[in-house]
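Visitor: Dock chains B and C against the given chain A, drawing on the hints supplied.
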Amino acid sequence: MLAPGLLVLVATTTFPLLYLFWQSTQNINLAMPGMGGYIGAENYVRMWEDRRFWAALSFTSVYTVVTVALQLVFGMAMAMLILRIPRAQWAFRVAAILPIVLAPVVVGLFWRTLMLTPDFGIVDYASRSLGLGSHNWLGDPDLARFSVIAIHTWQWTPFVFLYLLAALAALPEDLYEAAKIDRANAWRRFVHITLPLLRPAIVVVVILRMTVALSAFAAIYAATGGGPGTSTEIINLYAYRVSFAELSLGYGAAAAVVLLVITMVVAGLLFRLRRAA
Amino acid sequence: MRPRTGGALRNALLMTVAALLLLVWTVPILLAVVTSLKNEKEVLAYPPTLVFEPTLKNYAAVLTDATSILPNLTSSLIIALATTMLTILIAVPAAYAIARLRLPGKQPVGFYVLATQLVPPIGLIIPYFLILNRIGWMDSYQGLVVIYITFSLPFAIWLLVSYFEDIPREMEEAALLDRASRWQAFWHVVLPQARGAIAVTVIFVFLNSWNEFLFAVVLGGATVKPVTVAMYNYINTEQTQWAQLSAAALLAMLPVILLGVLAQKHIVKGLTTGAVKGVGRR
Amino acid sequence: MSKRGEVRLEGVGKTFGETRVLREVDLEIRPGEFFSLLGPSGSGKTTTLRIIAGLETATEGFVHLDGKDATLLPPGDRDVAMVFQSYALYPHMTVAQNIAFPLKMIRTPAAAIDAAVREAATRVSIEHLLQRRPGQLSGGQQQRCALARAIVRQPALFLLDEPLSNLDAKLRVETRVELKRLQRSLDVTTVYVTHDQEEAMSLSDRMAIFMDGRMVQVGTPEEVFRHPATVQVAGFLGNPPMNLMPATLAGGRASVAGLSFKAPQLASLGTREVTLGIRASALEFADEGLPGTVTLCEVLGEEIIVDLDVGGQLLRVKSLQRERIPEGTRVHARIDTARLHVFDRTSGARLEP
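Read top to bottom, the protein sequences are chains A, B and C.
Quick note on our numbering: the first sequence kicks off at 1 and runs consecutively.
Quick note on our numbering: the second sequence kicks off at 278 and runs consecutively.
Quick note on our numbering: the third sequence kicks off at 560 and runs consecutively.
Worth double-checking, as some hints may not be accurate.
[What the hints assert, rightly or not] With a straight-line Cα cutoff of 35 Å, these simulated DSBU-like cross-link-like pairs (lysine-lysine) come out:
hint : chain 1 : residue 1 : chain 2 : residue 2
1    : B       : 502       : A       : 180
2    : B       : 502       : B       : 334
3    : C       : 739       : C       : 821
4    : B       : 546       : B       : 502
5    : B       : 542       : A       : 180
6    : C       : 729       : C       : 739
Please keep in mind that the hints were generated in silico from the structure rather than gathered at the bench.
Chain A extracted, bound-state conformation:
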């Protein structure tokens, strides 16, 4: 029973990864097929010296940390809020499911067109009505970075919300009753009972969201394509563009390897955290 599944599993995961490592040491230029060959660590050296790479790395960190933090804060706040309005819960469940099931590419497209287009997008309309003026949400490098983070946060906060809502609902009532008898106010109860009890759930959801944020692609691709220029290029996108736009697959492979290592390290740290929880 086990054999076919395990075989496929091992084959499909190990083999491509090994191939990837191998490719990262090659010079593969599809535009000039004759010139390929083993070049050792040269791709990595090139990356080390490429400012665009470092920019991508820096933005990736900012992107990941900010969106996960925002998701956590908003998700938690919403979960605590909705917990107190049991009648609204079904409406929120449905509303929360929708962003999650949409394809990220569609989300990116919607935001790019309907929401953020200067003059016609609804966000721009709202900002103008509030006296904040019209802006080039996706054309200005800083605003674009902000927008891209907002899009990811919009799509995935409902996940955190649903997850924490379920976790909160599962907390035992009697602990709160004991705390009330011990005269703890609402904030104290939150900090000393809710948060510690939720810690394992929070850690899990942070791990999940971080890994998804690190491997985000379609939404950013759809919204900005990595631009303007390279301002919203996370490493994922950097690797893609380099591989397929410049047809330099070896170099792209190296970038992918770097991202892989980063993801493993982050996940490893977070798992260590979870074990300690």
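Guide: Relative to the frame of chain A, chains B and C by itself:
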């Protein structure tokens, strides 16, 4: 005695905040729906109009034009269905075997499966691209389905293993004592109880396959173009055709939206069991 | 007496990874017997049961069923039926389907299945619940369903793993009696695992007592009660537990808790450090004997149990005198020396003078 009004005011405040939040998360979709029913001219009207004459022209165009997304919808369906069925067929017995195996090596295997989920897809795209090119399976159904299975399978197995582990062993032991073979025990006793878990897995695998973009755009082509890639038809030109884009996108997302709304209990349950690895793909 | 269901374990042991949970078990269960495996949690009794069932394989030794070597035989081929502690009922099937399952697996024709299911259900008085699902049954009914599923096959051997532990106290005692009657009427060899010594005493023809992965004594309830083989067994059987006190034997006298009394029948044991055991019911209040102060008096209706502080040592006395003795009273407890148990202080083994 606590004055009553304090409570009522607080409630009203909470409701307002809740309503605002609801708005934030539903606006983009509602906007898309509204836009898809407008004439192109009306779409670009400023200030944006809420009252207008709805038309289904855009939907018709999107389905019957030269650039109809109908073939793309079909492609997506074929790929998603094939991937889901094959994945489940392989994953269920494998997950059961893993759950029941008393191997000392089970922990590292579990961790390994987990780790495979963390590999950024871009890392796999390049090797797959080169491999598929080599064997001539680029832009083909079999190529895409096989690749989709490679990332659905670990995920499905991971999901199912924890469910299977929750089914008490004693039931199968009772069946074994009753002269059932391992297979009969699995079929008559374990499987019926795993129905819910399998349903959740099917939903997630289908969702992920339908929504996949990166692999589709790199490994597909002119013949096999899932609907997520076909979205781009509507952005190419300088003049983005918003109304048609909205109509196309909503049609493309219809299956997943329906799935989401109808199966929301299952989805929420699947999301909140600790074993679920990220639902969303890039 | 049934001719089937003979079990013989030879040098059976089990190791899980690094831990040895069972060692050197030699056991013989006769056909038709009600045989209990008794011991505290973790003593190896359930492991032994599972080895007999074939759900675990012994890492040492042999298992013989009805004279044949069954050590490596899969559970389905052993003609054994088992009732699990959790009942292990199939939740998605009705009671009738649950009971029918073993017969379905051996492809019994449908009509025969129906009759057998009905008969088994009637034997345990659940014939009116056949269309319900396990989730709709009470604990006691679920347990009967598990029983019915086990007996429907008319197996050679009947294994029960603490089947009463999930029931409330009153139900436990009632069901106990029914179980014994059932076994007698079916005349099937039964192996019964429990940690409740009263249960084992009441139900068994013979029992085996497990401690720390070893089988320390086998015998009828009277044998193990009256002649416990070790200090542990002595302290395990009986309610309240046997009083155990460190003592010194010398020159035909026993010194315990600072007192000394004549014990001529123990003279043959010479001079040594021992543990003396005396049951609460073998002590009685008298004018002479061990002096002590009452620290607690439990009035149970038909009898009283008194905790005595005898020179720093706790002694429990069971008396049929029904009036409460107030705390602080000074009394004397006389030992019925004919019912003294002696155990070696270091090894805990029983010493016979």
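Visitor: Take a quick look at whether residue 502 (chain B) and residue 180 (chain A) sit within 35 Å of each other, Cα to Cα.
Guide: Violated, because 59 Å separates the two Cα atoms, which is more than 35 Å.
Visitor: For residue 502 (chain B) and residue 334 (chain B), compute the direct alpha-carbon distance and say whether it is at most 35 Å.
Guide: holds (24 Å)
Visitor: For the pair supplied as a hint, residue 729 (chain C) and residue 739 (chain C), confirm whether the alpha-carbon distance does not exceed 35 Å.
Guide: Holds - the C-alpha atoms of residue 739 (chain C) and residue 729 (chain C) are around 16 Å apart, at most 35 Å.
Visitor: Between residue 739 (chain C) and residue 821 (chain C), is the straight-line Cα distance small enough, at 35 Å or below?
Guide: Judged against 35 Å, a Cα distance of about 45 Å means the pair is violated.
Visitor: Please verify whether residue 542 (chain B) and residue 180 (chain A) have alpha carbons no more than 35 Å apart.
Guide: holds (33 Å)
Visitor: Check whether the Cα positions of residue 546 (chain B) and residue 502 (chain B) lie no farther apart than 35 Å.
Guide: Judged against 35 Å, a Cα distance of about 32 Å means the pair holds.
The structure does not agree with the numbered hints 1, 3 stated previously, though it agrees with the rest.
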